[in-house]
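Same order as they appear, the protein sequences are chains W and Z. Under the working numbering, residues 1467 to 1695 are what the first sequence spells out, in order. Under the working numbering, residues 3 to 371 are what the second sequence spells out, in order.
What the hints contain is simulated information worked out from the structure, not anything from laboratory work. All residues carry an ideal CB built from backbone N, CA and C; glycine is no exception. Misleading hints may appear alongside valid ones.
Claimed, not checked - Calculated pairs, DSS-like style, for lysine-lysine (alpha carbon to alpha carbon, straight line, at most 25 Å):
hint, chain 1, residue 1, chain 2, residue 2
1, Z, K53, Z, K298
2, W, K1538, Z, K298
3, W, K1585, W, K1657
4, Z, K298, W, K1585
5, W, K1606, W, K1663
6, W, K1526, W, K1538
7, W, K1663, Z, K348
8, W, K1585, W, K1663
9, W, K1606, W, K1585
10, W, K1606, Z, K53
11, W, K1657, Z, K53
12, Z, K53, W, K1663
13, W, K1585, Z, K53
Said to hold, decoys possible - Far from chain Z, some chain W residues (derived; all Cβ distances over 10 Å):
hint, residue
14, D1610
15, E1642
16, K1657
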Amino acid sequence: MTPSRNPSGGFLPPELAARLRERFPQVRDAAEAAREALEAFEREQEERQRRYQEEVERAKAEGKPAPRPPRKEEPAVPRYRTPTFEVPREVFREVMEFLRDDPAFRMDYLSFASAIDWKDRMECTYHLWSTVHNHELLVKVPVDRDDPRIPTVSDLWRTAEWHERETYDLFGVVYEGHPDLRRILLTEDWKGHPLRKDYVYEDPDWLVELARVRQSEVSGVQPPLGERG
Amino acid sequence: MRSLRTEELILNMGPQHPSTHGVLRLLVTLDGENIVEVQPDIGYLHSSVEKMMEHRNYTQNIALADRGMDYLAALVNEMAILRAAETLADVPVPERARYIRTIFMELQRLASHLLWLGTYGIDLGAFTAFLWCMRERELIMDLFEATTGGRLHHVYFRLGGVNEDLPPGWTDRCREFCHYFLNRLDEYHRLLTGNPIWQARTQGVGVLTREQAVAFGACGPVARASGLQWDVRKSHPYEVYDRVDFQVPVYTEGDCYARYLVRMDEMRESTRIILQCLDQMPEGEVRAARVPLNLKVPPGEVYTRVESPRGDLGIHLVSTGGETPWRVKIRAPSFVNLHALTEMMKGWKVADIIAILGSIDIVLADVDR
Chain W
1467 MTPSRNPSGG FLPPELAARL RERFPQVRDA AEAAREALEA FEREQEERQR
1517 RYQEEVERAK AEGKPAPRPP RKEEPAVPRY RTPTFEVPRE VFREVMEFLR
1567 DDPAFRMDYL SFASAIDWKD RMECTYHLWS TVHNHELLVK VPVDRDDPRI
1617 PTVSDLWRTA EWHERETYDL FGVVYEGHPD LRRILLTEDW KGHPLRKDYV
1667 YEDPDWLVEL ARVRQSEVSG VQPPLGERG
Chain Z
3 MRSLRTEELI LNMGPQHPST HGVLRLLVTL DGENIVEVQP DIGYLHSSVE
53 KMMEHRNYTQ NIALADRGMD YLAALVNEMA ILRAAETLAD VPVPERARYI
103 RTIFMELQRL ASHLLWLGTY GIDLGAFTAF LWCMRERELI MDLFEATTGG
153 RLHHVYFRLG GVNEDLPPGW TDRCREFCHY FLNRLDEYHR LLTGNPIWQA
203 RTQGVGVLTR EQAVAFGACG PVARASGLQW DVRKSHPYEV YDRVDFQVPV
253 YTEGDCYARY LVRMDEMRES TRIILQCLDQ MPEGEVRAAR VPLNLKVPPG
303 EVYTRVESPR GDLGIHLVST GGETPWRVKI RAPSFVNLHA LTEMMKGWKV
353 ADIIAILGSI DIVLADVDR
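Chain W with its partners taken away, still in its complex shape (with noise of 0.2 Å):
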């Protein structure tokens, strides 16, 4: 195993990238999109203090003082320090199958399989690492927030079972196809799922009610609660 040349940590050689986005044309590297991105604002930058250059040389030739020169402005395309691929729902299984056996890939360890709430959108996310190979990736795929669905990966990587169940829980995920889709951290008949951004986290009322129902089947006698001495 050759230790990682990336200090950030993960490393994919771009050769394997190109395999990727050659199997499936579907497939777009996050990476490069922001590349793009950011070179069409370097772009533009170069060509906000050409202007510039040229209305200075327009003010010296009529006598005017030098216009202010443009604000220096940062950047806001996002850094992917670890390799990212966004992956469409409807190739999503067969890239995930392809990242697990083909002998170049052999992405055999599944680090984590959760999800982003983008507020307006919601993405699964899968960390994918190979055991033999020590490259690794990230897979986001898209998905509907109002009802989102996606196939499980727990029948190629076990341990997907019980990420699968954790994202169910946090987010709502469904995961099509899952042995045994439960909550796994919170209560079986808790309400809403808590890692979303909308979800309202203080005092729901059902809960103290739960609280009530529940303090009065064990013990039948205790006050409830915010009534005790």
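With chain W fixed as given, assemble chain Z onto it according to the hints.
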């Protein structure tokens, strides 16, 4: 002869049980004395650290990672969140701080493994090991306390370095401890490794093959005992692990005894790392200047990992450029190792439950987060 009709019995173990090392409930399906299936019921310590992190800035998140997750490896948790944030924000870290971090993380590993060895000894009926391990762990706690002010929860690492430099004379005390500890480690080996009762309880028990370990995502000493040659400190080096010489112990048996041996060897390697770091450590600053307390991490994503005493601790950090992270996914090593436990337990006897459970060294605060 008429066959005896047997019925399966479901045994409820925990959540309050001295040997579950926290609040863990195991639903054990038994056929006579044989384990048919084990279903862990977790979540009793769930405090949604991931959600809390979305509401705190990065400096506050160091303290939260310290307290909210694996309480036996607080400094490693701090490093996990720092590695993600510093990678994404390109924060420079002075050389001396890198060495100090490495020393403290290895001391933390020693303290964690010592506590594991002591409690595992109690699980299997060897009480002396517990007293000996606590004696040595106390010395490490003193070393922590002298520098960080805390014994379990330190909040010592900062963005771009550590809080403050080592107190005078600390390096000599630390070096003295390392040499003392190497002798004590030989004593543990004499007490336990050749002990026939210890061997009978652990050898060949709870076997996890290499294929199963990879499929279940097992990590850390559990994976290394099953023949997976993998340590994050080697595969994804961070801080100064690529500048020190150490071995990654690997055993292929995959049983409880192999997991015990991996941790014993790791303690020796950790001591070696500390001694090398103490020799190499340069003088100088311990905290980068001009790193704001309220750091704004540029938008982007990164997945970084560190080697916690329990295995591969990963952080998937998603930032949108604000003072707080947008999403933090904590990939906890105990969570996946506990899942692998369901496979390890199949077919063993009731009496082995404790031996197998203890051998994977779970911390329930790490499982539930």
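Okay, the hints, checked on the actual structure:
1. K53(Z) / K298(Z): Given that 25 Å is the threshold and the Cα spacing comes to 19 Å, the pair holds.
2. K1538(W) / K298(Z): 18 Å, holds
3. K1585(W) / K1657(W): 19 Å, holds
4. K298(Z) / K1585(W): 21 Å, holds
5. K1606(W) / K1663(W): 18 Å, holds
6. K1526(W) / K1538(W): Answer holds: K1526(W) to K1538(W) is near 23 Å, not above 25 Å.
7. K1663(W) / K348(Z): 40 Å, violated
8. K1585(W) / K1663(W): 6 Å, holds
9. K1606(W) / K1585(W): Since the Cα atoms of K1606(W) and K1585(W) sit roughly 16 Å apart, the hinted pair holds (cutoff 25 Å).
10. K1606(W) / K53(Z): 20 Å, holds
11. K1657(W) / K53(Z): 16 Å, holds
12. K53(Z) / K1663(W): 9 Å, holds
13. K1585(W) / K53(Z): 14 Å, holds
14. D1610: Since the minimum Cβ distance to chain Z is about 19 Å, D1610(W) lies beyond 10 Å and the statement holds.
15. E1642: 21 Å, holds
16. K1657: At roughly 15 Å from the nearest Cβ of chain Z, K1657(W) sits farther out than 10 Å, so the non-interface label holds.
Hint violations for this structure: number 7 only, all remaining hints satisfied.
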